[in-house]
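Model the placement of chain S on the given structure of chain A, informed by the hints.
Residue numbers (the numbering used here), protein chains in the order written: chain A, 9 to 367; chain S, 9 to 367.
Derived by calculation from the structure, the hints in this document are not laboratory data.
Note that the structure is predicted; figures quoted are calculated from it, not measured.
There could be a bad hint or two in this list.
Given that identical chains are not distinguished, each listed pair holds provided it fits within a single copy or across any two copies.
In the DSS-like style, the derived pairs of lysine-lysine whose C-alpha atoms are separated by at most 30 Å in a straight line are [as the list claims (entries may be wrong)]:
#, residue 1, residue 2
1, LYS248, LYS140
2, LYS307, LYS147
3, LYS147, LYS73
4, LYS207, LYS147
5, LYS147, LYS87
6, LYS170, LYS248
There are 2 protein chains.
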Amino acid sequence: MKRIVSLLSAVFLAGITAMAQQRPPAISSPDVHPDHSITFRYFSRNAKKVMVSGEFLSAPVAMTKDTLGIWSVTVPPVKPDIYPYSFTVDSVQMSDPNNTYIFANERFKRSIVDVPGDQLLVHSLQNVPHGKVSYRYYKSGTLGTTRQLLVYTPPGFDPNGKTRYPVLYLIHGGSDTEETWTKVGRANLIADNLMAQGKAKPMLIVMPYGNVRPAPMPDFTKDMVNDIVPFIEANFPVIKESKGRAVAGFSVGGGQTLNIGLTNPDKFAYVCSYAPFTATDEFKKNFTDWSPDAAQMNKQLKLFTISVGTEDFLYEPVKQNIAMFKDKKLAVKSYIVPGGHTWMNCKQYLATTLQEVFK
Amino acid sequence: MKRIVSLLSAVFLAGITAMAQQRPPAISSPDVHPDHSITFRYFSRNAKKVMVSGEFLSAPVAMTKDTLGIWSVTVPPVKPDIYPYSFTVDSVQMSDPNNTYIFANERFKRSIVDVPGDQLLVHSLQNVPHGKVSYRYYKSGTLGTTRQLLVYTPPGFDPNGKTRYPVLYLIHGGSDTEETWTKVGRANLIADNLMAQGKAKPMLIVMPYGNVRPAPMPDFTKDMVNDIVPFIEANFPVIKESKGRAVAGFSVGGGQTLNIGLTNPDKFAYVCSYAPFTATDEFKKNFTDWSPDAAQMNKQLKLFTISVGTEDFLYEPVKQNIAMFKDKKLAVKSYIVPGGHTWMNCKQYLATTLQEVFK
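With the rest of the complex left out, here is chain A (with noise of 0.2 Å):
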């Protein structure tokens, strides 16, 4: 995915957008080399010291700088993944301009580096059907306004056809919108690498944007109820029963998964959470105090997981959520693994929980 700037278009661009206004040369950044170690450069004549930070790095690591201005490190072959970056110039930390892949985020601005593996991984773009992922806007009644969310239909998916989909509907994380799932979980490419597998089933995936500010959180569980799943069934041709609706999320979207999906589980018959962050008000209302009819739950739930790495900050509060969950007679199963409250993970829990989903 990386693009290479050849030096004949270097100096076109440049040309052009010298005569454009003042803009930086066009330098390659980040390459990744073949060993999996990779090359950062930063532009710059005035700063006094470039670092780069990164998911890949246990501290950041200082950059030298060229005659011409150029900054760069090469740091050491990286086990393959798609990982977070950033660029601490002086005092400030911003995303890498030469990067087109931002993480998509309301709060910080990083760059994502894609490091291939010598075999193709679960998220790589591979010789299989694509589905289509497509953006779409829906009515909210719940919270007054339009909103975006996005759709992932499989390959051979036909709007028309007499086939009925199953729905997995994906939440993001605390100040991620509803296009971090697939820039930086792959989602879209999960799902195609596992179909074309036979290792998941063929459905449809719903990633609505989760952040409801200024509202209060517990809108969103209503957004997602009253406002989504029906702008979904309207448009769609997907099984409209609980045994064709999964609900998952990562970290502040996991805490929304055991949210919305255990207060109607009447509704959605899949529940997934991952890394879930669960100290909200929200929670706390539902499942303080809380007397569930667990026969009656375990019953109606076909599958109900919570994954977590056991680097992550929240560890020790999702282990006592899951010891909580068995302490109800609730049939929950836990994916402990190694990793942090990374997307790294994020994606391996989805990976994991998409082959479980709908069978």
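The following block gives chain S in isolation, referenced to the frame of chain A:
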């Protein structure tokens, strides 16, 4: 489209993110006020100088810092439109870290601010039926790779119906991406609004990625004719004749439009070039010592337009090209309007020509 961060959610997010990793506090930027003035904010305790630059300003303006380290400035009312802007923090130019809306581009990182009008604008999200924007992959035999393109399908589009739609192939500027026409140019909303008013014909709009670096530029002409058009015609119910194909583009894409359209008048009956950049080998090769059969081409081309602003840095060469095409007796229609080499102008060029193609 602005996402307001309430005090409550700011506290909530500050909690989770402080735990996850060190991030700046949640602040709201930009804030567009009812009188169309705009407040920009940036957090830094250490910066010495923070400036905002934007296409609504004739020169950068300085922000001032409060005791908490929040820099801000309010600029006087600006004409409603969508504008790119950036911050300069000490020596570093960057996008606004608190704004989700980023100018999709490979070489610079700017943010965009949407200043709504008192009346709805042609690019506003209006209460009309909305088409869909789908992200698709196609295999480019020309370039030997899988590439992404965006396809807008109009409201009421039926992939299996009897209607055959015309297609506008719409190309971005030099360092833009396949997303720039929707993310910055709002091509989908402009089309929704004009179609709702009956001013534009229902059509597909295909937005490919026009950069082929390090391949030579003419390879994009081949990619368009031999890969993109066949992919669309194999996968969508479209008119497979020149009268059902238009090509348009901005800046470098405007030059590509002339190269693609005028060397293939049997394939594209509508050619609309916006502020074309033509200082390329391909353009020189195609149109130096060119002796077209003007009578034949004027019969084939149902519409040939070139748009440019009088303050555009390409105004002079574009005027020379218009004169050159007129000299060759081609029926070129020129739209000379106020404004510069900007996406504000670009949206207007599209809105104008969308009402003329396929009629």
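Results for each hint:
1. LYS248 x LYS140: Classified as both; 22 Å inside a copy, 23 Å across copies.
2. LYS307 x LYS147: Answer is neither; intra-copy 33 Å and inter-copy 46 Å both fail.
3. LYS147 x LYS73: Classified as neither: same-chain Cα gap 51 Å, cross-chain 39 Å, threshold 30 Å.
4. LYS207 x LYS147: between (34 Å within a copy, 25 Å between copies)
5. LYS147 x LYS87: between (43 Å within a copy, 28 Å between copies)
6. LYS170 x LYS248: Both: 14 Å inside a copy, 28 Å across copies.
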